[in-house]
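Asks: Listed below, chain by chain, are the residues.
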Amino acid sequence: MKPRKESSWRLRWAYRRGVSLLGLSSALLACSGRADIPDTPDLTYLQEEFNHPTAALDETSVGEAIKEMPSLRELAAAFRAAGGRTTRDIQTGGSETTSGSRLSIQGSIHVTARCPGALGTPEFGPNGSVSMTLGVQQNLIKRGIRADADGCVFQGDAFGTPIRVELDGPVFLDLGRDLGLRQRFSGRLLMLVAGTLDVEGVRLENLAARWTDDSLEYLFRLPDDDKWVIAILAADGSVTVKDSKSTWGCSDGQACAPQ
Amino acid sequence: MRAAVTLAALAACLGFAGAAGAQQLDNPRTDYTAYTRPKGTLAVGLFKVEHGILDEIMVGTYPIPWFAFPWLKVPVPSGYLKLRTSWFDPLTFSGRAGLTYIDAKAVAELADDSASGSALSINADFTASYQINERLTLSLGFDYARLAAVGSANDQATAIEGASTADTYSTRLFGEWRFNRVFAMTLLLRYLVYQSPFDTSSSAESDAVSVESDLSAESTEQRHFSITPGVSFVWKNWELAGGVGYGVFYLPILGLATAKRWPLLDLSFAYRFDLY
Chain Y
443 MKPRKESSWR LRWAYRRGVS LLGLSSALLA CSGRADIPDT PDLTYLQEEF
493 NHPTAALDET SVGEAIKEMP SLRELAAAFR AAGGRTTRDI QTGGSETTSG
543 SRLSIQGSIH VTARCPGALG TPEFGPNGSV SMTLGVQQNL IKRGIRADAD
593 GCVFQGDAFG TPIRVELDGP VFLDLGRDLG LRQRFSGRLL MLVAGTLDVE
643 GVRLENLAAR WTDDSLEYLF RLPDDDKWVI AILAADGSVT VKDSKSTWGC
693 SDGQACAPQ
Chain U
170 MRAAVTLAAL AACLGFAGAA GAQQLDNPRT DYTAYTRPKG TLAVGLFKVE
220 HGILDEIMVG TYPIPWFAFP WLKVPVPSGY LKLRTSWFDP LTFSGRAGLT
270 YIDAKAVAEL ADDSASGSAL SINADFTASY QINERLTLSL GFDYARLAAV
320 GSANDQATAI EGASTADTYS TRLFGEWRFN RVFAMTLLLR YLVYQSPFDT
370 SSSAESDAVS VESDLSAEST EQRHFSITPG VSFVWKNWEL AGGVGYGVFY
420 LPILGLATAK RWPLLDLSFA YRFDLY
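Chains as they are written, first to last, in the numbering used here: chain Y, 443 to 701; chain U, 170 to 445.
Think of the hints as simulated: they come from the structure by calculation, not from any bench.
Treat the hints with caution; some may be incorrect.
Stated by the list, open to error - Here are the simulated distance ranges between beta carbons:
hint, chain 1, residue 1, chain 2, residue 2, range
1, U, Leu-356, Y, Arg-476, 29 to 39 Å
2, U, Ala-237, Y, Gly-567, 36 to 46 Å
3, U, Ile-396, Y, Asn-493, 49 to 59 Å
4, Y, Thr-575, U, Ile-233, 56 to 66 Å
5, U, Pro-239, Y, Arg-544, 31 to 41 Å
6, U, Asp-443, Y, Gly-475, 30 to 40 Å
7, Y, Gly-475, U, Arg-430, 48 to 58 Å
8, Y, Ala-676, U, Leu-420, 23 to 33 Å
9, U, Leu-420, Y, Thr-654, 41 to 51 Å
10, Y, Pro-612, U, Ser-375, 38 to 48 Å
11, U, Lys-242, Y, Gly-567, 34 to 44 Å
12, Y, Arg-544, U, Asp-443, 21 to 31 Å
13, Y, Gly-475, U, Tyr-415, 54 to 64 Å
To be verified - Chain U is faced by these chain Y residues, among others (derived, beta-carbon under 7 Å):
hint, residue
14, Gly-475
15, Leu-545
16, Ile-547
17, Ile-551
18, Ala-555
19, Arg-556
Stated by the list, open to error - Computed footprint of chain Y on chain U, listed as stretches where at least three residues anywhere in the stretch have a Cβ under 8 Å from a Cβ of chain Y:
hint, region
20, 241-253
21, 410-419
Yeah, the Cβ is synthetic: ideal placement off N, Cα and C, and Gly gets one too.
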């Protein structure tokens, strides 16, 4: 009986040792391999909506639409400042690394930007934050970015006038194209605020805009139906409204006229 | 006259060949084969130092990194242990495991002043050597190398930080054709089976921004083969082996493979004596 017991003990020892070695090997191997690429939002549908407004306006309805919109100047200041907060940290500078490289890099970059507050002097910490996750695939930062703002307070510049802006909730961005890892972002940024944007105490929800240095386009959904127009604020402060058929030029305090 | 010289040279080679086997077994080549240093033997070379504790157990180290502290600020310690069988002659099996630790200061010198991580290189191989006859020995081996870097974040993080890992798996066939007790020709064929993407996790922090990344990098044009013909000389106390080839280059000590093909130089020499 004794040899049998010893044999059984040895079998158990060998089994446990084998399982332990297998576990250790698995743990070691699990540490390497390709990094996961996070899911990123696809906002190409929204780009299409900007390119193809659906509502058809006349002189009366375009004036009403302008009145229904929030202040485009303050909105532009808020969006530009919010976009700066979120994209500043991916403007790393340097030469572009393209997918033609002999090295393929992929994975994720998680950025948390603490917001400076609405005063002139930045105070990081009590003014909330914005966190976002960038997906990297074949040496390129993917164009779609999801960000989450947590009571992020910052200062916007409405044509020389500082305004208080607070961003909260989910925000989606589209860089317009995939970005090289060491490439400076420039171009037209599209932002969809699925949470709230508070501009000088005016709380706005579900906003979408895209902009360059020269102009800002705001997608305005008409309150009565599911159609939309695009309001465009140029750098000189002039406003135009684009519907499905024509473009309207709107001067401050005056009626809009087709261009 | 010319034919006579040739015949004399051939006769000399054949004459030495009879004694070649004994010399080969007394002082076998230890790299790329399953053999170890005989008990009590110490071999001291620029590229490695090896000591046979028993006939079947050998320890070794790579001396150059130990003395690299004038450039790297710290020594880079390394060591390996090799065990072999002695009861399946003429077939010999061996297993070898080695560690190399690269301190954070050395990584900072090598990579970037701001890097604050240390690195650990783990190497292991399994080899079977078969002595077909007194002159010809073939060795088949499997190599594994792992480089793991673990570090902490700082404000200016740009280089190796966080946790980084890469694994390399390769096989090799090594043949040694001994002409006489001193001289042998060698051929080393290596095939890179797989090199994992280099996975790195890093973090950086400033007052305004925190950045954490989990990125992996891999070659899009990974090459696999290398071939290195060479020669080896074994004298009473000295030994010298060298080869020139072409193909995937394996970083010395670390064992990581390059993606591209390169001209290869394989060189080792040592002074050998009995400690006890």
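Asks: Please flag the earlier hints that this structure goes against, numbers listed from lowest up.
Replies: 4, 6, 7, 8, 10, 12, 13, 20 and 21
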